[in-house]
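Student: Below, each chain spelled out in residue letters.
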Amino acid sequence: MQRRAGGKGGLIMTIVYSDREDEAAAQVPMRRIKFTVNGEKKIAEVEPRLLLAHLIRQGLRLTGTHTGCDTTNCGACTVLVDGQAVKSCTMLAVQVDGHEIQTVEGLASASELHPLQEGFREEHGLQCGFCTPGMMLAAKALLDRNPDPTEEEVRWALSGNLCRCTGYQNIVKSVLWAAAKLRAQAPAD
Amino acid sequence: MSQAVDEIKIGGLGASRKRVEDSRFIRGKGNYTDDIVLPGMLHMEILRSPLAHARIKSIDASKAWDIPGVHLVLTGEMMATRNLAWMPTLSYDTQAVLATDKVRFQGQEVACVIADDPYIAKDACEAIVVDYEPLPVIVNPAQAVADGAPVIRDDKDNQPDNVIYDWEVGDRDGTDRAFASADLVSKLELHYPRSHPSPIECCGSIADFNRATSKLTVYMTTQAPHIIRAAVAMVAELPEHMIRIISPDIGGGFGNKVPVYPGYVCSILASILLERPVKWIEDKSGNLISTGFARDVYLKGEMALRRDGKILAVRMHTDADHGAFFSDAQPSKFKIGLMHSAFAAYDVPVAHLTARGTYSNKAPGGVAYRCSFRVTEAMFFQERMVQAAAADLGMDQAEFRRMNFVPDDAFPHRTPFGFLTDSGQYAKCLEVGLKAIDYDNFRQQQAQARERGRLLGLGISTMTEPLGAGNSREYDILGIKMFDSAELKVHMTGKAIVRTGARGQGQGHETTWAQIVAHELGIPADDIVVEEGDTDTAPFGMGTYASRSTPVAGAAVAMVARKIRAKARKLAAHLLEVSEEDVEWELGRFYVRSAPDRGVTIQECAIAAYANMPDGMEPGLDATAYYDPPNLTWPFAVYIVTVEVDPDTGVWDVLNMVAVDDCGIRINPMIVEGQIMGGLTEAYAMSNMQFITFDADGNCVGSNYMDYLLPTAWETPGFELHSEVVTPCPHHPIGAKGIGECAAVGGPAAFVNAVMDAISATGVRNVDMPLLPDRVWEAITYRRDVSGAPPVRSDD
Ligand code: FES
Ligand code: FES
Numbered sequence: 001m002q003r004r005a006g007g008k009g010g011l012i013m014t015i016v017y018s019d020r021e022d023e024a025a026a027q028v029p030m031r032r033i034k035f036t037v038n039g040e041k042k043i044a045e046v047e048p049r050l051l052l053a054h055l056i057r058q059g060l061r062l063t064g065t066h067t068g069c070d071t072t073n074c075g076a077c078t079v080l081v082d083g084q085a086v087k088s089c090t091m092l093a094v095q096v097d098g099h100e101i102q103t104v105e106g107l108a109s110a111s112e113l114h115p116l117q118e119g120f121r122e123e124h125g126l127q128c129g130f131c132t133p134g135m136m137l138a139a140k141a142l143l144d145r146n147p148d149p150t151e152e153e154v155r156w157a158l159s160g161n162l163c164r165c166t167g168y169q170n171i172v173k174s175v176l177w178a179a180a181k182l183r184a185q186a187p188a189d
Numbered sequence: 190m191s192q193a194v195d196e197i198k199i200g201g202l203g204a205s206r207k208r209v210e211d212s213r214f215i216r217g218k219g220n221y222t223d224d225i226v227l228p229g230m231l232h233m234e235i236l237r238s239p240l241a242h243a244r245i246k247s248i249d250a251s252k253a254w255d256i257p258g259v260h261l262v263l264t265g266e267m268m269a270t271r272n273l274a275w276m277p278t279l280s281y282d283t284q285a286v287l288a289t290d291k292v293r294f295q296g297q298e299v300a301c302v303i304a305d306d307p308y309i310a311k312d313a314c315e316a317i318v319v320d321y322e323p324l325p326v327i328v329n330p331a332q333a334v335a336d337g338a339p340v341i342r343d344d345k346d347n348q349p350d351n352v353i354y355d356w357e358v359g360d361r362d363g364t365d366r367a368f369a370s371a372d373l374v375s376k377l378e379l380h381y382p383r384s385h386p387s388p389i390e391c392c393g394s395i396a397d398f399n400r401a402t403s404k405l406t407v408y409m410t411t412q413a414p415h416i417i418r419a420a421v422a423m424v425a426e427l428p429e430h431m432i433r434i435i436s437p438d439i440g441g442g443f444g445n446k447v448p449v450y451p452g453y454v455c456s457i458l459a460s461i462l463l464e465r466p467v468k469w470i471e472d473k474s475g476n477l478i479s480t481g482f483a484r485d486v487y488l489k490g491e492m493a494l495r496r497d498g499k500i501l502a503v504r505m506h507t508d509a510d511h512g513a514f515f516s517d518a519q520p521s522k523f524k525i526g527l528m529h530s531a532f533a534a535y536d537v538p539v540a541h542l543t544a545r546g547t548y549s550n551k552a553p554g555g556v557a558y559r560c561s562f563r564v565t566e567a568m569f570f571q572e573r574m575v576q577a578a579a580a581d582l583g584m585d586q587a588e589f590r591r592m593n594f595v596p597d598d599a600f601p602h603r604t605p606f607g608f609l610t611d612s613g614q615y616a617k618c619l620e621v622g623l624k625a626i627d628y629d630n631f632r633q634q635q636a637q638a639r640e641r642g643r644l645l646g647l648g649i650s651t652m653t654e655p656l657g658a659g660n661s662r663e664y665d666i667l668g669i670k671m672f673d674s675a676e677l678k679v680h681m682t683g684k685a686i687v688r689t690g691a692r693g694q695g696q697g698h699e700t701t702w703a704q705i706v707a708h709e710l711g712i713p714a715d716d717i718v719v720e721e722g723d724t725d726t727a728p729f730g731m732g733t734y735a736s737r738s739t740p741v742a743g744a745a746v747a748m749v750a751r752k753i754r755a756k757a758r759k760l761a762a763h764l765l766e767v768s769e770e771d772v773e774w775e776l777g778r779f780y781v782r783s784a785p786d787r788g789v790t791i792q793e794c795a796i797a798a799y800a801n802m803p804d805g806m807e808p809g810l811d812a813t814a815y816y817d818p819p820n821l822t823w824p825f826a827v828y829i830v831t832v833e834v835d836p837d838t839g840v841w842d843v844l845n846m847v848a849v850d851d852c853g854i855r856i857n858p859m860i861v862e863g864q865i866m867g868g869l870t871e872a873y874a875m876s877n878m879q880f881i882t883f884d885a886d887g888n889c890v891g892s893n894y895m896d897y898l899l900p901t902a903w904e905t906p907g908f909e910l911h912s913e914v915v916t917p918c919p920h921h922p923i924g925a926k927g928i929g930e931c932a933a934v935g936g937p938a939a940f941v942n943a944v945m946d947a948i949s950a951t952g953v954r955n956v957d958m959p960l961l962p963d964r965v966w967e968a969i970t971y972r973r974d975v976s977g978a979p980p981v982r983s984d985d
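Protein chains in written order, with the working numbering: chain A, 1 to 189; chain B, 190 to 985.
For reference, chain B alone in the conformation it holds in the complex (with noise of 0.2 angstroms):
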């Protein structure tokens, strides 16, 4: 007699199961690109300009060729001959693979050498000498769309200015009529810095061409693999089914492992010339001029508002510097991504969103860093606006929001931009997170503090955001649709193995969709082997980004497991010989309605479906399920923050933080926690100290760790995490939402609010993130906002 099996005990859903993947990891036994050596295997190395706009005179790289162990010198004019001077970007743009006519941003690939040892290559970059004539650069939009700009694309045509796009959304009529009647209008305009999402480790590829074979095999750093084997069968013309693509462990992506970068298509044509495995492992100031960048957005906006606190409109406008190539990683139709998911969490009648989009001699880049393609300035403007909205009306900061939150019984509600939120508890999230900072008590230490000279704040930021890109009527990429996939087979002793077309780079998914498949089938999670990243085994997928594993492919893993269990039932009835209406289902085993005793497990189905298979059935017991879920999910955040700034030098700690995340059903809570801890961790790094900049030259300053500052043990703050408030997403088939980058998104304006309380009453509207002492300083002493990307801080 057989028994339902108990799903915490078999590692189901809402069990903080233990990682599968750390038994490797903390031994030193993971498998990183860099790990991987293959017989024969050269080194390839690039050498990068030093200028941000120059014309090249020429190249000569005949001293490098002379180095001993030097195989092969790449350049532009070699590669064009290839016709791979240019590659396609995800945003319909073309990039520079090596530099032709023109380098456009510090950092720019211009040659590359392959040698036996990196060493080597690196000697021989050193050797090649490349004459420049420098141009005339632009380092922000405001330069870009001045009159008598250089054009920085003149090798397109039809680009007579460094405009890449005029785009808008929403109601401009009805907006303008809102803003006519209202009593009061609020203004804010900040600039969200550009940063980099730097993962430790670099990108990197070893490309394999087999002459033999005509099978090139490339082991690669990336995020979505399926996307780069039809990037690289459209730029290499290579055909499809001779391509593997092999995403081994990745050192942490965070949006930066989805393009496709030079350094990539450079190892493969080197392969493909010298027929050897070529390998190209970034370094780090590479990593952090040259590829995907994150945000730069300068915004500003208006909201209107009636006298009691209610918000009757929004305007928004945003000018995005993507550096010289559009070469943004975003799935959507929509030009800025998801910034028009700014106000979603709030009940705002009507909207109007222009955004504006300019070449400059940056990096290009513009991936979606620990976030969904904008969503992190939208709600960092949507937060520090509402701040401003409130203090402008003299209204309490929880107040004001508990007052335009949309309302629980209000969904499905469609935003002023269009988007449908499906389900939240907001009122109840923040009244979550106002006890646990002990709200009024803090306010009123607060006052007593000022009055000796100390000065506490508290910030609170509140968003839903949009998460688990896609559906597949508005996100594709290159034309092929968001959806996601799993493929699930089961072995006769009842063991298992999951493959998705998602690519975990440490959110567990080895561990995490085992225990989707044990809540499914009731087969304990310690049974099933989840294997993601080869597109020679897994099934057709978009990869991990965005929020979107357990969105999409989590749900295509509930799918796939619930064919399998449908296959089963019939099984079952054939081994209790009943007809299969007859057939209940109970976690882990099926058993006869009118005699419950009489049961079969799921291991005991599995076994039959090799061995004891009815007359006309299929053998054999697995599946494949894609996913095109019906609409995003809308998680719901709460953080708070309390600091206290030191008056006399700017600087500023961190008291306490208080989390509050409605992710709906937690797959693996210990899991969950995770991903909220290091989001919040990007959030505090982008609010205190993490941002790259540029001086008037385009040289870019924070192109190594010493300069980009990253958080450590020591300044990272505690954070208390709050998991009491459960929605679950009304379309998941496990009501799971995504949740990585919640925290990222929402929390840096919980930061950024609580410095700005704290020097309320200097009168300071506004200082620009990161918010170094200096800033904070120079905004208490002199009372003025302090605005900008330092340290060219006029952008003039």
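This is chain A alone, in the form it adopts within the complex (with noise of 0.2 angstroms):
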């Protein structure tokens, strides 16, 4: 799928204060960044503390990342960061300056859902969803690299996200369902 790239799709992060003519106001640090996020670049300005995790779900207004956590426990922030699996509460927003962003909302195209998010309703892999984004995400870094994994593998893949739902059963055959899938479709060599 062809996507839109730059020019009026660019964001801009502000936060306005209430000016209250003091010296703090004026001193918040502000740093300009470039990034791509699910193929569009995005142009924002943030504080240097601002985490990646609040860029994507307060600046960006993608909501599917979530955060659980205050520890990188829990992995339901997780994206994509050039392909790599990252706890988006982990990094720093200023960190993604120049790198490509993809979180849950650029897996489907318009007209079809990505396997793993097929995979993941066939097998009832999800109850309540938070976790889920968060899941798919660090499922699809695995498959990425590793087309046909095992169960262990699978298990191994996931153990740094956490679900209170459904006790994981289920999550691994929807990975393994996906997994499925792509090899089918990928072009045999």
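The set of hints was computed from the structure by calculation and includes no laboratory data. For each residue, glycine too, the CB sits at the ideal point set by N, CA and C. Take the hints with a grain of salt, since some may be wrong.
[What the hints assert, rightly or not] What follows is a list of derived Cβ distance ranges for each label pair:
id, chain 1, residue 1, chain 2, residue 2, range
1, A, E153, B, D896, 26 to 36 angstroms
2, B, Y354, A, E152, 24 to 34 angstroms
3, B, D896, A, N146, 30 to 40 angstroms
4, B, E429, A, R32, 45 to 55 angstroms
5, B, A269, A, D144, 54 to 64 angstroms
6, B, R632, A, E151, 21 to 31 angstroms
7, A, K181, B, K499, 52 to 62 angstroms
8, A, K181, B, E429, 23 to 33 angstroms
9, A, E151, B, D786, 53 to 63 angstroms
10, A, R32, B, D725, 41 to 51 angstroms
11, A, E152, B, D835, 15 to 25 angstroms
12, A, E153, B, P858, 51 to 61 angstroms
[Claimed, not checked] Cut-off 30 angstroms, straight-line C-alpha distance, at most; resulting in silico cross-link-like pairs (DSSO-like, lysine-lysine):
id, chain 1, residue 1, chain 2, residue 2
13, B, K198, B, K752
14, B, K670, B, K345
15, B, K522, B, K345
16, B, K759, B, K198
17, B, K684, B, K198
18, B, K752, B, K670
19, B, K678, B, K499
Dock chain one against chain two, each of which comes alone in its own frame, and use the hints as you go.
Tutor: Listed below in structure tokens is the structure:
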């Protein structure tokens, strides 16, 4: 699918502070960053301390990336940065300057679900859905480098992501379902 | 000519229909509370107490007010001027919203800041200076009742000590007599550690008070929106029709999202004061240290036995640590919830239970975490006690259970504590489980392995538990009876919308409620949309927890569909030009009894309700039903686990886990299995790693996911599920029973029994959960019981 690039799709993040005519307000440091999200080019002005998860959720309004902890344990915030699964609560927004982000919103095309999305629905791999975007992206990073994983390999690859609802068994099945479908779709060499 | 429809094809009862809600979740298009942004919205953060017990000498918030972007700083003193410093709890106690006089647990809410941005609000919280004078701390029931213990709730009149209640149930004298005549008395003492439901999504709210319309809208993470509306009306003294509670998608609840928390109240007050929307999203440590915990009960008991293995009587005592405020979210008339559902699966002639509840300097709560109000502790004690008794008798674990089960022909059966169980095939379920785990073969392997120094173990847990509060006679919340409701509107084209008073958090209501309507009316499930969670549109109901949705709201859905069918029958008679008595129903269609080919579909009846109704009939095709269940539902479960324990490290691995659940009719088997696997995982978690504890100063250990361990895909074992035994609930309209929590309730004992079985040669009687490697190692190495709440093991 052709994605619209840059131009009018750009984004500027702005925070408006109440002006109390004091030094503090004037001194909030800002950095300008450029990055790509789901194929679209963006520009943002951010405080250096802003977390990537918050840039994605509040700045880009891509709320499919969730946050569920303060200690890099839950994985609900997992996105792909240059194809690697990254917990976006553990990266600063300024660190993605010049890099490419993929979020759950970029998984499906306009007409078709990604096989991982289909797999999660087919195998009942989700209940409340809160962990699901992170699980799918962690799984995507796995399948991109290992198209035919064993159950053990799937469990290991997802061990940075917590799910409180499903007990994981169906998540593992969902990923294996997607792997099989992706392999069937791949052009034979 | 119309024909009956195929129930499975239209997604009716028994269809493993793919979930409707998944379409949005897999696209990242769910709509959770934190995803909602309102124009002009501000952000709130909470400052919490670092100390477990201290007098507040002063609070200086001037530096916080100075930070650009700060709009409001709320303290207890300001709340008090509006009579909002304290609020009522669901257990008829009071709870501080923001502390005024003292803090009584670590993590207690002391102040809040409302600012343009959450980062600014956090900065401002750090700029608030609170001067505390530390006080002596109580972290368990033994300390709470010790001589000279400081009185934690000195804010209350008539509270001279730390005891909340002393309560008893059963037949004390009869039990004493039975014990006097016993051949053998088996005893057990254990601690069910404090745990936390910990859904991945934390709690949060967005309060939006509109001065122009006087309407307060609150988006919040609540499992029970109507109860919240009633509570807000009471606490904030706002008229109920001017309050709208919307519970959007919820990222898991498990009981954590039932109570009213101070954060909700503060966001509401802030919005009223500032006349702007105020969002509060809790962080994980706030969630773990301050919101509804679960369990934390010391249980002891004994069983009177006849030499041949017959149980003669049971005696139990529980000491529950409720934390600083008695805010158990439980709706029964019984102080310790449904603890006395213990031993319901067994034919126990007489029993007696005493229960004491005490305050401590720990977070309040006592929520039913994937549980019906203390049944988890009850069933855990029951199954540990049964294992100990069988061992004391030298009897086989399975045989002892088989011998004492309530037999299939004894229903309805009155338990010694007064519950009425109504159906089940206990022995049959046990046989299915034993066969699946290959019981006899495993026992041989175990004996052989033991000769080579390897420790294999097998644990069984069998139980029936009461699910689906109420009936309204015994169950209410703040006086509101525990019924539930459903509203069904059939549009003229035969499509429909269902709304209920429940609120799912992943259970798949949007999928299953439509299946019940499909079953009752023959309208394809895909033609029915389900909506819950908005108090302005949903009929009044008590929400979703304690596995009550299918037993109560699900029953209401069936009943409302039957009302619709009754009206549709009149329309059919009119269309077919026969009298109503001559009309017969089969799925999806009415037909003339004497001429079955002449019929009309439910869809044709629907259009007639708008376009061709008989003279004098009220137009339209919609109805509401309120359902007050005659009894709880009683599913039965068998969980069997085999493990291997490493004698050198105390680490144990699950070899196999078999689950046999008889939950009556399954509406959507795929979803039921998902619920069971989720519950089994939490059972495994509690037995293996998951607990919250406190050091002697009341510091919470387990306040984040680095200390509060939840199993990942890597640790979690695989499960083998069995559904061959089906005993329909005799009083539920479609024969269904609750299931959501069964595995979390009955599962933990299976794991613990398996490990205890593996190390039985040491003579160790009990290792308290969680069975961390060091505790198991200690038991094996020193041949002693390992009890108490780590790391404050001695409890003094
Ligand atoms: S929010 Fe939990 S790991 Fe990022
Ligand atoms: S589906 Fe709820 S946390 Fe995974």
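Student: List, from low to high, the hint numbers that the structure doesn't satisfy.
Tutor: 2, 8, 12 and 19
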